[in-house]
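Join these two chains into a complex; the hints should help.
Those protein sequences? They're chains A and B, same order as listed.
Read in order, the letters of the first sequence are residues 1 to 518 in our numbering.
Read in order, the letters of the second sequence are residues 1 to 221 in our numbering.
Just so you know, these hints were derived from the structure itself, not from any lab.
Note that the Cβ used here is the ideal one computed from N, Cα and C, for glycine as well.
You may find that some hints are simply not true.
Here are the simulated DSBU-like cross-link-like pairs (lysine-lysine), alpha carbons at most 35 Å apart as the crow flies [as the list claims (entries may be wrong)]: (1) A:Lys512 <-> A:Lys240; (2) A:Lys172 <-> A:Lys319; (3) A:Lys462 <-> A:Lys224; (4) B:Lys218 <-> A:Lys121; (5) B:Lys218 <-> A:Lys512; (6) A:Lys462 <-> B:Lys218; (7) A:Lys121 <-> A:Lys168; (8) A:Lys168 <-> A:Lys432; (9) B:Lys218 <-> A:Lys140; (10) A:Lys149 <-> A:Lys462; (11) A:Lys168 <-> A:Lys353; (12) A:Lys432 <-> A:Lys319; (13) A:Lys353 <-> A:Lys432; (14) B:Lys218 <-> A:Lys131; (15) A:Lys319 <-> A:Lys121; (16) A:Lys514 <-> B:Lys218; (17) A:Lys172 <-> A:Lys353; (18) A:Lys131 <-> A:Lys353.
DEER-style ranges, computed between Cβ atoms [what the hints assert, rightly or not]: (19) B:Gly191 <-> A:Arg510: 48 to 58 Å; (20) A:Asp384 <-> B:Pro63: 43 to 53 Å; (21) A:Gln151 <-> B:Ala109: 40 to 50 Å; (22) A:Asp384 <-> B:Arg120: 14 to 24 Å.
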Amino acid sequence: MKALPFHHPEHPAVVRDPAGPLTLEADVCVIGTGAGGSTLAAELAEGGLDVVMVEKGPYVTRADMTQRERDMMPLLFEDAGARTTRDGAILVWHGHAVGGTTVLNNAICFDPPDAVLARWKAGFGVEGASKADLAPSLAKARFVLGVQKIQEHEINRNAEVMMRGARKLGLKGDVFEHNRIACLQSGFCMMGCSYDRKQNHHITYVPRALSFGARLCPDTLIDKLELDGRRIARATGSIKNRKTGERHPFEIRARAFAVAGGAISTPALLLSNGLADSSGQVGRNLWIHPAGPVVAIMDEEIRYNRGIPQVYFVDALGKDGVGGFLLEAITGGPSQTGGMVPAFGNVLHATMKEFNHFAGAVVLAKDERPGSVTVSARGVPVVDYVLQEPDATTIRDGYQLMARIYLAAGARQVMIPHVNRAYYRTEADVAKIASLDLSPGSAGLYTGHQMGTCRMGEDPGKSVVDSGGKAHDLANLYVVDSSVFPTSLGVNPQITITTLATHFARRMLRDKPKLLGT
Amino acid sequence: MGWSRRHSTPASSPLPARAAGDVIPRELVTRRSVLGGLAGGGAALLAGSLPLSGCSAGPAEAPDFPLRFFSPEEYRTVARLCDVIAPGGHGAPAAADLAVARQADALLATLNPDIQEQVRQLLSVFEHWPILALQWRPFSAQGAEGALSYLTAWQQSPVTTLRVGAAALGRLIAGIYYADSRSWEAIGYEGVWIGTRGAPDGAGKDWPDLVNNNVYRKFNG
Numbered sequence: 001m002k003a004l005p006f007h008h009p010e011h012p013a014v015v016r017d018p019a020g021p022l023t024l025e026a027d028v029c030v031i032g033t034g035a036g037g038s039t040l041a042a043e044l045a046e047g048g049l050d051v052v053m054v055e056k057g058p059y060v061t062r063a064d065m066t067q068r069e070r071d072m073m074p075l076l077f078e079d080a081g082a083r084t085t086r087d088g089a090i091l092v093w094h095g096h097a098v099g100g101t102t103v104l105n106n107a108i109c110f111d112p113p114d115a116v117l118a119r120w121k122a123g124f125g126v127e128g129a130s131k132a133d134l135a136p137s138l139a140k141a142r143f144v145l146g147v148q149k150i151q152e153h154e155i156n157r158n159a160e161v162m163m164r165g166a167r168k169l170g171l172k173g174d175v176f177e178h179n180r181i182a183c184l185q186s187g188f189c190m191m192g193c194s195y196d197r198k199q200n201h202h203i204t205y206v207p208r209a210l211s212f213g214a215r216l217c218p219d220t221l222i223d224k225l226e227l228d229g230r231r232i233a234r235a236t237g238s239i240k241n242r243k244t245g246e247r248h249p250f251e252i253r254a255r256a257f258a259v260a261g262g263a264i265s266t267p268a269l270l271l272s273n274g275l276a277d278s279s280g281q282v283g284r285n286l287w288i289h290p291a292g293p294v295v296a297i298m299d300e301e302i303r304y305n306r307g308i309p310q311v312y313f314v315d316a317l318g319k320d321g322v323g324g325f326l327l328e329a330i331t332g333g334p335s336q337t338g339g340m341v342p343a344f345g346n347v348l349h350a351t352m353k354e355f356n357h358f359a360g361a362v363v364l365a366k367d368e369r370p371g372s373v374t375v376s377a378r379g380v381p382v383v384d385y386v387l388q389e390p391d392a393t394t395i396r397d398g399y400q401l402m403a404r405i406y407l408a409a410g411a412r413q414v415m416i417p418h419v420n421r422a423y424y425r426t427e428a429d430v431a432k433i434a435s436l437d438l439s440p441g442s443a444g445l446y447t448g449h450q451m452g453t454c455r456m457g458e459d460p461g462k463s464v465v466d467s468g469g470k471a472h473d474l475a476n477l478y479v480v481d482s483s484v485f486p487t488s489l490g491v492n493p494q495i496t497i498t499t500l501a502t503h504f505a506r507r508m509l510r511d512k513p514k515l516l517g518t
Numbered sequence: 001m002g003w004s005r006r007h008s009t010p011a012s013s014p015l016p017a018r019a020a021g022d023v024i025p026r027e028l029v030t031r032r033s034v035l036g037g038l039a040g041g042g043a044a045l046l047a048g049s050l051p052l053s054g055c056s057a058g059p060a061e062a063p064d065f066p067l068r069f070f071s072p073e074e075y076r077t078v079a080r081l082c083d084v085i086a087p088g089g090h091g092a093p094a095a096a097d098l099a100v101a102r103q104a105d106a107l108l109a110t111l112n113p114d115i116q117e118q119v120r121q122l123l124s125v126f127e128h129w130p131i132l133a134l135q136w137r138p139f140s141a142q143g144a145e146g147a148l149s150y151l152t153a154w155q156q157s158p159v160t161t162l163r164v165g166a167a168a169l170g171r172l173i174a175g176i177y178y179a180d181s182r183s184w185e186a187i188g189y190e191g192v193w194i195g196t197r198g199a200p201d202g203a204g205k206d207w208p209d210l211v212n213n214n215v216y217r218k219f220n221g
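One chain only, chain B, in its complex shape (with noise of 0.2 Å):
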């Protein structure tokens, strides 16, 4: 019963087969064992203590335009994500074509501190939790096939954190890129109505009455 049966993902199993660019191995993480004590805070805090820069993508080269929320760092993981969640094709632009990694910075930038606190913490985790599981190449070094690999692991993780850290991942960059009206015309939604679709403009330059004159009525129940 899987979601699409026009794409390889066998019933008996809920986990893509491991690909020659997997670099977690789906037992590690399907392993409440090895990963439960790890789920929360603590993975955090293990990952910020790691040694990181000897195993890390490379330094991450700044956009070209200022960041408002994320470091380059976090900016890469997030770009590298917007590649496996919406690669494009099929008719449909990619995450990349859409800015949609500038577009989640720009909004992050306007969460409150907590929010703000708890994305940095699970890309943290998320970019580094291979390394976490003794393999060498971080998330956003990773190829096509082993990153859409490692975040159906999170997915599909019974460790709650992973599989909770994964949907908001996946939240944040398919809703910015479906919000976005370039990538409206792949699946055929079609748009707006104001100014396009026959009804009223509704950014109206006059206020008349109120439809509804109740507001001014006096009730006399």
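So here's chain A without its partners, still in its complex pose (with noise of 0.2 Å):
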């Protein structure tokens, strides 16, 4: 009988569905299995350790993906996409699903910006993660992602009006560089890839640490991690069988834990736990790249749904690693976008009626006032942000030059979700967005990048983790993720969370017996 791949959901090393409690070990834990987990699972695995990979979501294949808004968003989404800021004001999306939020993003790649880095070095004291540290796990990120520029024949229309405007104001703009191979352009990357053309961590990283001897224990949630002097001893929490619905007890004793939930999650693991605050730095710093869409309403039919979702995007960050943004095209299926619309009854389904003619785009505000993650009395995440200035005026400035750049490509008008309603058609109309409220509620605004709240940096008094992940409180308890980050980044984190995996692999298996405590 012919062995199944390593990325089939039933593959023997995938630990599912169990009958009762399920007790494992491991030299050693990875707890998320997205950008962050499975590539640092796949790394310690080829270096020849006994990994187990924990995700407290589902193992979602192409065979489930259906492209549907109404079955995909539970699925992959956290709390189905409904989750919020505590004051209910600003959406945020991350994963929920084996592969973590790489399932549903739009595959864009961008290298670590040199200017961040080198921020994180003079104001944090990361040491070890230049720019030319980080070059060797780059370089296998990108390998292993399959990391491309889009080609010209990948260009869709929506993002053909976004160029059209920017050449005409004399921007310099580019297409992203992606990780789809063989794309077929079907343009429903965030409900999953029902081709597994984008290289998402479920297809790359996480049959990658398989193939090296990986466990993969989906479904499985952890909520208490158990100390023996300063070592993390085992971790506890409850694995889902999906033919019976019922949870059974999980334990899993390992040499060494690495928790790799996302910017949310892993804090509020912490938290909950009482684990490596002694800095009081966990769960604070919270940056999320607030995002604010625009949207043109052309005279001729776009269908913005069709094609790669993102191609093309102008640069506006600023060059000291500090502020700015970025404006990238963007598209939606009909949920995202009716329920982004502030309007209701006849004024809803005429905004509607115009979908075809719509060409999206989106403001991404590298953020410089933090937000915070604490928990609830129930367990759950809570989310702190508030837009605040100069944050604020960073996404006024990016919806002005937005819908400038939609201005001349031919607009008719343009439109920003914000409960004035209003409609920009001249330059003076859009001189009106540098006074526009951005309070909360105002504005449709929305995160798909979360980072911070586990900082990293070599003084255990101002940050949580060192720069190679390991917390300073534990012996064996390392993050990694994009909580590590010690600022926002300004661009999409997916290989910057990827390579920075890669490098704190290759730091801890440098010194196993350290890593195993032998």
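As structure tokens, then:
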């Protein structure tokens, strides 16, 4: 009988649907299988360690991916995409499946920005993570993920509108690098790729880890990390049997633990267990790249849902690694689009009747004022983030530039999801955006990039983990996800997370006895 | 600069003119001094403490299917919201035809308990806010124009909690409505590719090697 490939959900290395309590042992337990966790697991397994990956979400494969928002948002998004900041003002989107947010991202690849890495060293004491230090890890990350530039034949009409306007204004834009191979351009990346062309971590690093002997436990929630002196001795929680719906006790003993649940779930787990927080920094310094959509209504038909969802961008980031924004062309399905339209009844319907004439983009702000993550009495992560200055001005600047780009491209009118329900048709209209009210609930904002909350650095009084991801307070606890970023990154983070995870793994493997406590 | 010239939202006023069915004066919703102190959890507590049964829209009849999350009263509020947000017409189905309220019930039953509690508080305040403003008809008992006017007043309010609440309710109902394939034809959305648009059927019966064989290739960098 032919062996199942490592990306098959029924592969024997995938531990699922136990009939009763399950106890495992490993060298390293990695909690979370997104860009950080799956990469670390693959690297450590390739280095000869016995690794178990634990993922609270389901193992969703292309066989499950229907391209329908109704099916896929509950399956792939944490809380079906309904999670918001505490005040309800900003949608907080992140993944909830094997592969984490990479399963639902738009496959944009930016190398770690030099200016930001320099700022992390100068301002936060991060050592050994310069551009040169990270180069080997970056090269490997790009190789495994198949990073390449979007090709000319892959540019969709939505991106063409933005390109046309940017060129007329003399702006220098570019097409993204992405991690798709032989893309069919169906346009449903955010609902998971039904064709395995988007090189999500669940079809790259997860099977790579399994091929080197790692095991994977989907549908497994870890809620307790138990100490033995300065070491985590075991993690406990529950594992779901999908056939019966029952949850059974789950326990894993390991010599080292890596938490990689993302910048919301990771601090929540540490805070719930009172761990690694002698600095008081766990959960603080949350960065989210607050994102504000802008929609043009064109006379010609665009059908912006077609093709690669994000193709083209204009870079207006601060050159010193501080502030600024990216403008990124983006598409959306009818549910995500309709949910953002701040209108009801006939006005909502009349707006959505223009769906095939929409062109879409988003202002992605490199935020400079952080929020925080805490845990509610029920153990649910609470995201506190209020848009403040100078970030609100950054968003307004981005709205204005994007509106000008669209008007230059010939847009009939431009809309920003805002309770003022304004149309922008002239430069005089656009000038009014400079005073646009962005207080909570006024504008439709969301975040797809959460960072910070367990920042790295060499000073144990100011950071949670060291420059290799190890917790200052504990001998065998690592944090390996975007939580470790000391600042907002400014660009889509999957390559930086993957690179740092590779880098951390190399450091861990360099001193295996220390890692394993032997 | 209203969002549809085909529908009458005057440029000078972000709020619709008060109609006969209105039950909440615009000036009440837009006066911070009246509502500011009630905007947060205090409003929910107050709503919970009022003798609302005497001012209600009448006993809520349970729908003819088991509710998974909503109480019958909450379901009635959401069903009314559906009528307001997606009433149908102009070639579009009504939210009621798509059982959007029932879909919302099923969706919310799966979310975390904190979100569920927030939704319950929001629905309670939203339903009874007219009574807090000394009007006598809760939201679900209002006529079509009054209900739309009331929801719009929340959206346009200077009180953060009301704006955020209106946005959340709009996202929930419109998001579910436009996720339903029966709403797509009216907006010209062509739908999914799988099995319909010439792209390979992704619901694979086989598991070929990944197109990117980097997964199993050794990296020599």
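Hints, one by one, checked against the model:
| no. | hint | verdict |
| --- | --- | --- |
| 1 | A:Lys512 <-> A:Lys240 | 33 Å, holds |
| 2 | A:Lys172 <-> A:Lys319 | 15 Å, holds |
| 3 | A:Lys462 <-> A:Lys224 | 25 Å, holds |
| 4 | B:Lys218 <-> A:Lys121 | 32 Å, holds |
| 5 | B:Lys218 <-> A:Lys512 | 22 Å, holds |
| 6 | A:Lys462 <-> B:Lys218 | 39 Å, violated |
| 7 | A:Lys121 <-> A:Lys168 | 39 Å, violated |
| 8 | A:Lys168 <-> A:Lys432 | 22 Å, holds |
| 9 | B:Lys218 <-> A:Lys140 | 10 Å, holds |
| 10 | A:Lys149 <-> A:Lys462 | 38 Å, violated |
| 11 | A:Lys168 <-> A:Lys353 | 29 Å, holds |
| 12 | A:Lys432 <-> A:Lys319 | 27 Å, holds |
| 13 | A:Lys353 <-> A:Lys432 | 27 Å, holds |
| 14 | B:Lys218 <-> A:Lys131 | 23 Å, holds |
| 15 | A:Lys319 <-> A:Lys121 | 16 Å, holds |
| 16 | A:Lys514 <-> B:Lys218 | 27 Å, holds |
| 17 | A:Lys172 <-> A:Lys353 | 33 Å, holds |
| 18 | A:Lys131 <-> A:Lys353 | 48 Å, violated |
| 19 | B:Gly191 <-> A:Arg510: 48 to 58 Å | 52 Å, holds |
| 20 | A:Asp384 <-> B:Pro63: 43 to 53 Å | 37 Å, violated |
| 21 | A:Gln151 <-> B:Ala109: 40 to 50 Å | 44 Å, holds |
| 22 | A:Asp384 <-> B:Arg120: 14 to 24 Å | 21 Å, holds |
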